[in-house]
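Engineer: Sequence:
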Amino acid sequence: MDGELLMDLDNDVHDEGNGFDLPLELIPSSFNEVESTKNLEVNADYIDYAKLENEYQNPALSYRLLHMFEVCVNRRPEIAKVINRIHSNNSIDVEFYRTFATALEKHKNADPSKSWPTIDTAWIQTTEDEVQAMTERESANLKKAQDEGIKENIRIAMVKLFDIDFRSGKFYEAAKLYSRSLRDYCNSPKTVVPMLLSHVKVLMYMQDYHRVETYCSQAERAIADCQERETKYDRNTAVFPRNEKESKAMLQQAIKEKAKIDAIMAVVKMCNKNYLAAADKFVSVDHEVFEFPELLSTTDIAYYGCFCALASYDRNQLKEKVIDNGNFRKYTEPEGKLVDLIQAFRNNSFTTVFQLLEELRPSLLLNIYIAGQQKQLYKLIRRRAFVQYISTFGIISLPTMAKVFLTDTNELIDELVDLIDNGIIDARIDPIEEKLYRLDENATQMNSQRLAKIQKDLEERARLLILRAALAIHGVNPAKEMEAEMEASGSGMGRGRRRMAPFGHDDDGSDEDIEMVTQTQQLSFGNGRSFLNRMVNRFTNSGRQATSSSTQNPPPPVAGIGNPNDQGLSDTDMMDP
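For the sequence shown, numbering that gives the first Met the number 0 assigns the number 0 to the initial residue and increments by one for each residue that follows.
Hints are supplied without guarantee of correctness; some may be wrong.
Taking lysine to aspartate or glutamate and the DMTMM-like style, the derived pairs with C-alpha atoms no more than 20 Å apart in a straight line are [said to hold, decoys possible]:
#1 Lys189 / Glu135
#2 Lys455 / Glu433
#3 Lys150 / Asp162
#4 Lys329 / Asp261
#5 Lys402 / Asp420
#6 Lys374 / Asp417
Label pairs and their in silico Cβ distance ranges [claimed, not checked]:
#7 Asp420 / Ala248: 56 to 66 Å
#8 Gly335 / Ala461: 29 to 39 Å
#9 Arg427 / Asp47: 20 to 30 Å
#10 Asp413 / Ala248: 52 to 62 Å
No lab work stands behind these hints, which were simulated from the structure alone.
Glycine included, every Cβ here is placed at the ideal spot set by N, Cα and C.
Produce the entire structure from the sequences given, and follow the hints as far as they go.
Structural biologist: Have a look at this one:
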């Protein structure tokens, strides 16, 4: 190592993780401006079309190829030929083909010297007539089923009509059909979960990510209910026996659909720039059962999970959740560069990291979902690399660091100044000597602040315990009194809310009050009731003395009240009378 690069031997941050966290809220707003995929351009050395055809089905395959056609400058003619061949043979989506024809015409006019494919106008007319005939036939079947009033027949007819709309690219009509009608005819997890998954799939093509999250949450609950019902089923006590093979098949199907939902949720979180949550989802997608060619592939899970993890995990999390994760390792093993990238980042081999990032950039830009996130992901990964590198050393030579990060010294200083200004790293730069000095954390100050916070929390907790226990002992229930006043005044504000049970009633609220009293009594270390009554008198006696004109004897003195020499309760005060 360079002589100017001195390691702080007393710092164990290198072993325990990053010395500085990388809060996403401190990232400047300019980092949230993701470049539109329409403005992206990339030159690809090679595209494996056979692998794409094996991993995806239409419409996913056609839309991914169309994205590649838009962004890959040097291979547009060959991509256009592949789209022309695949789409005309395996799809009935006329609207997509028209969109492709418009884009093809634009690029053909811009560079007429290249060999471009010819649009099959006859296929457009023929396929359009076929789609219209199929739609009319299934619509008639649906109307007939509705007239008969048999729910299962209505559901089957709707599924067939939905399938035609989906395959023909009429995503809006398909989503409207499911959202308005189909859910009314699904009354079991066996039918509800596939319906929700199909609906989510359509919304993904529409890029309506907000509704995708909503329906994914519903699907997760339906899958959980299905799994719970199947696991708790007991054939010895069940009224209606079930077929064990069907039960196991349903449980296995629920596991497969859970993996699909997890993958979709992870993609949505990634597209919404919530990379930490996305990484947690990606690394948990079950490899053994995941198969989703209509939308995603295992290669997608590997790339998305790897880059989201690098952008959001520290060294310890990277090792625990990615490197040592046997499930996610099955996704990354076929992609050797991803394995090398993760290991290099974990081992602080940042020269190798940035070389691999440049090699993988075309693959990301050619991917329809992560292309728009590539720029921001790379910036976050680079920032986390800065944090991890600086946390390892006390004094750093800027020229040496510039070589590691594949940049020059002046640009490196600009990046470091930005990190320091945003509070992401705590260091000082010496531009004359070209050195970076990392400032050690003030452990004493941090511990003092932490202890002060703990003390404040404990005091607040104790105060609330005493106050609530005092109310419970005297039978005071503000919520009940307020509710009674509202009922007496005829107000309807309390409707729809849970009524609070009176003290002593066999209810969760009563149990909680009793528990609070018990906890307060335990604070006395002796006769809890005696100590608690003293504290209650502390709340009540002063008010009684102010309002009462009687000549009754004053209450016994309470420790710490009215006597400056009394500093608190003694051990004798804490004992039983």
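Engineer: Look at each hint and say if it fits the structure.
Structural biologist: Now the hints, each set against the structure:
1. Lys189 / Glu135: Since the Cα atoms of Lys189 and Glu135 sit roughly 28 Å apart, the hinted pair is violated (cutoff 20 Å).
2. Lys455 / Glu433: 45 Å, violated
3. Lys150 / Asp162: Within the cut-off at roughly 18 Å; holds.
4. Lys329 / Asp261: OK: Lys329 and Asp261 at ~17 Å, within 20 Å.
5. Lys402 / Asp420: This hinted pair is violated, its Cα atoms lying about 23 Å apart.
6. Lys374 / Asp417: Measuring from Cα to Cα gives roughly 17 Å; hence the hint holds.
7. Asp420 / Ala248: 56 to 66 Å: 59 Å, holds
8. Gly335 / Ala461: 29 to 39 Å: Check failed, 58 Å falls outside 29 to 39 Å.
9. Arg427 / Asp47: 20 to 30 Å: Because 49 Å falls outside the window, the suggested range is violated.
10. Asp413 / Ala248: 52 to 62 Å: 60 Å, holds
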